[in-house]
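If you read the sequence shown in my numbering, its first letter stands for residue 1, the second for the next number, and so on.
For the record, the hints were derived by calculation from the structure and aren't laboratory data. Be a bit skeptical, because a hint or two may be false.
Cut-off 16 Å, straight-line C-alpha distance, at most; resulting in silico cross-link-like pairs (EDC-like, lysine to aspartate or glutamate) [claimed, not checked]:
#, residue 1, residue 2
1, Lys159, Glu47
2, Lys159, Asp46
3, Lys159, Glu122
4, Lys132, Glu100
5, Lys158, Glu122
6, Lys158, Asp46
Derived CB-CB ranges, DEER-like [unchecked claim]:
#, residue 1, residue 2, range
7, Pro66, Asn162, 39 to 49 Å
8, Asp46, Asn162, 18 to 28 Å
9, Asp164, Glu130, 12 to 22 Å
10, Thr81, Thr59, 16 to 26 Å
11, Asp144, Pro66, 22 to 32 Å
12, Gly119, Gln83, 34 to 44 Å
13, Val120, Gln68, 15 to 25 Å
14, Glu122, Gln83, 16 to 26 Å
Where a beta carbon is used, it is the ideal one built from N, C-alpha and C, also for glycine.
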Amino acid sequence: MRSAFRLLSFAAVVATLFSGCDSDSNPASTSGTGRLSVRMTDAPVDEVSSVNVYVVGLTIQPVGGPVQRIANDIGLIDLLTLQGTTLELVNLGVPAGDYEFVMIELDQDLSNVVPIATGVPEPLQIASEEVKVLGGFNVPDGGDTVVVFDFDAGKSLKKEGNGDWLLTPVILQLAPAP
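Given the sequences, and given the hints that come with them, work out the whole structure.
In structure tokens form, the structure reads like this:
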């Protein structure tokens, strides 16, 4: 749950980070490039020892441009290992300019949760296999932009009445990385 919450937080942080950027820049009108780093972080959860999400890919969308996939098959990430730290998912050059969103794609079938009580991996249902951070951000020409998905697994993960685990990603805020 905390992981999903942190992911949503990351989205909010990214939106906040980029809302203060110059809105007159446009990737189509700039010829330079900047660096984009996308990271994840999380906080602890009491009932489980692992919340493993399989990241299928990352996409971004320049303002007025097509959606672009910037990473494929990142792999299985235990969100609970990200407590007090961040994991860099990607760091690459992209066209400078304004972007509408960054999105993480998750695979429910390859994800799982490990309850402390049993220590045995159990299926993890993911409410949406896409976590999109809206609000926009800017990658400055020759500069760096960091987007951090800050999950809150405690608020995102819940055990349903039938015993199934459900992850509804909750991102606390979107902000620049420390």
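These are the hints, each one checked on the structure:
{"no.": "1", "hint": "Lys159 x Glu47", "in the structure": "holds, 10 Å"}
{"no.": "2", "hint": "Lys159 x Asp46", "in the structure": "holds, 12 Å"}
{"no.": "3", "hint": "Lys159 x Glu122", "in the structure": "holds, 11 Å"}
{"no.": "4", "hint": "Lys132 x Glu100", "in the structure": "holds, 10 Å"}
{"no.": "5", "hint": "Lys158 x Glu122", "in the structure": "holds, 13 Å"}
{"no.": "6", "hint": "Lys158 x Asp46", "in the structure": "holds, 11 Å"}
{"no.": "7", "hint": "Pro66 x Asn162: 39 to 49 Å", "in the structure": "holds, 41 Å"}
{"no.": "8", "hint": "Asp46 x Asn162: 18 to 28 Å", "in the structure": "holds, 21 Å"}
{"no.": "9", "hint": "Asp164 x Glu130: 12 to 22 Å", "in the structure": "holds, 20 Å"}
{"no.": "10", "hint": "Thr81 x Thr59: 16 to 26 Å", "in the structure": "holds, 24 Å"}
{"no.": "11", "hint": "Asp144 x Pro66: 22 to 32 Å", "in the structure": "holds, 24 Å"}
{"no.": "12", "hint": "Gly119 x Gln83: 34 to 44 Å", "in the structure": "violated, 19 Å"}
{"no.": "13", "hint": "Val120 x Gln68: 15 to 25 Å", "in the structure": "violated, 39 Å"}
{"no.": "14", "hint": "Glu122 x Gln83: 16 to 26 Å", "in the structure": "holds, 21 Å"}
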